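Here's the letter readout for the chains.
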Amino acid sequence: MGKLLTLRRGSRSERAPHDEESLLARCRSGDREAMGIVLGEHAEAVERHIVRLMGPGAEVEDVAQQVFIAAIRAFPRFRGEAKVRTWLIRIATHVTIDVLRSPAWRRRSRPKTDVDERDAKTVAPDEHTRARRELRRLSCLLDELSAVRRVAFIMHVLEGRPIAEVAVLTGASKVATKSRIFWARRQLLKLARRDPVLADRFEGGR
Amino acid sequence: MRTLACVRAGGLLERRRAGLTDAERLELEQHVGECDDCHFESAALQTFADAVASAPTADVAASALRRALADRSSEVPPTRVAGRTPWALVGVALAASAALWVASGASDFGSSPSGSLTTAPKVSGRVEGVEPAPVRVGHGSVVARRASAFRWVGTNVTLERGQLAVEVDPSVHRAFRVHTPDFTVLVTGTSFVVSCEEVRVSRGSVQVLSPDGSVQASLSAGQRWQVGAPSGTGAGTEPEALTTPEAVSEVAAADPEAVTEPGPVSATEPRGAVGPVASSERPRRPASRPDVPSARSRFERAVRLSERSTDEAIAAFESLEREGGPWAANALFARGQLLMQRGRAAEARRALSSYLERYPGGLNAADARAMIER
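Chains as they are written, first to last, in the numbering used here: chain E, 1 to 206; chain L, 207 to 580.
Keep in mind the hints are simulated off the structure, nothing from the lab. In this text, all values refer to a predicted model and were calculated from it rather than measured experimentally. Mixed in with the good hints there might be a few duds.
Pulled from the structure, derived: some chain E residues nowhere near chain L, Cβ distances all over 10 Å [said to hold, decoys possible]:
no., residue
1, G36
2, E134
3, L158
4, F182
To be clear about the criterion: a stretch of chain E counts as covered by chain L if any three or more of its residues have a C-beta under 8 Å from a C-beta of chain L, and this derived list gives those stretches [stated by the list, open to error]:
no., stretch
5, 80 to 92
6, 149 to 157
7, 160 to 171
8, 183 to 195
C-beta: ideal position from N, C-alpha, C; glycine also.
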């Protein structure tokens, strides 16, 4: 590939259905330029999805690259029965679950006590900082959950995706998904109650 | 105190973002207003949801996509047929994978190994020749040295030739085995080098098992063990570390070479010696057995035979039993199981009872008991 592809985002609505089909056909035949256009339209959504599932960090770019590589490899099998975005989000969900399960991820996981101490000693100066700290604190608590529980919980409870959609995206049954969400919520709130800063904030706020 | 209303409120809180009816929202608000526990949950979940929604992106997707598009390894082979998947082939592949999976006794499907965060490991595979980059196997990584060849299923690596440098993540707390024709290295987290003749441990500790499962040596960092050295240090015995006949049967159907060969080794015979890594003596290669079919291959043949002729298979199993050795236990159990499957319950019970009597701690003992009680 001699030249860098120019990514075009958000131009899907400008294309006619016929063009869309021919573009997908080119993707299936391995045309990298067409893949660049199609995947580029959803690249931001993929990144946002990964960040929500695993939290912000340097790993996001690697995971996103892995998602795109998987998508490029799988494009010849993409039949167009689902939307490209749904298909990509599904790939991203599976890749992220694999990463969250890996020992390497567990090793790099943030030490909870460290964050607790730092936060407990500091007064949040503004909303933005507070939001960042809450996200970091949440990430610490989420690191305590198993990968599948974490992902199901975030997608349903925090993002508001329906159970059926979460089940499809994670490749699990609805019953299993509900169970994962239930136990994740229970475990997370238990951890949150033990967290001095969160306990103080939510109970003190009444 | 949690009440039934709290349980319902918890369910509503779970669904709050996905959508509640007006009545449900009102019910939830009323309950949250009265219940401290649920108020906490509601506030915490709301905060977490806001935090996730506002998670900042670093706008790295474009560069990730460019790198992915530039990555030639992601190219699809040109022979691949676009469109419909040949389901028959998929079925065969799945069946073969399942058989290998069961045979390996592996239990960590889906777990990712150490190393790169982003590459999912293959459940099974084979590497031949020098592989300078670590190959991810279960929760470990394997580097092939010299002209090596090895294959793996789950966390069971079978070294065919050459030498491997193995590193296993101790945080996973799962068994990782490297099988050679003459011994098996069992490890739960360490770093070591293994060839068909010796094991050298650089970090942590490993156990060297003989094919019948007995412990040949326990090695810690800096120690080495060789096949065929004069003094032995094996201590204690363990149940047989052999696969179940069902697994062997499935493997034999899928890949006759996929089962580790125990070899004709006496459990009591000392076969190795522990020494410091600094020792310079060359390991002695085990004597080859070119003309006589190994017990393993005869066992596999008997398993295959059982699909065509029960009596011939039983005769083959009995022959293995009479010879003794590490495959005798498996042969006895397999005979009992085969008889049970063919409806010859009385004979099967006799064989399985005999198995339990002779190998009370055998790997198939629990299955044998269950079959007898059934």
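Hint check, failures only: As far as the earlier hints go, 1, 2, 3, 4, 5 are violated by this structure, in ascending order.
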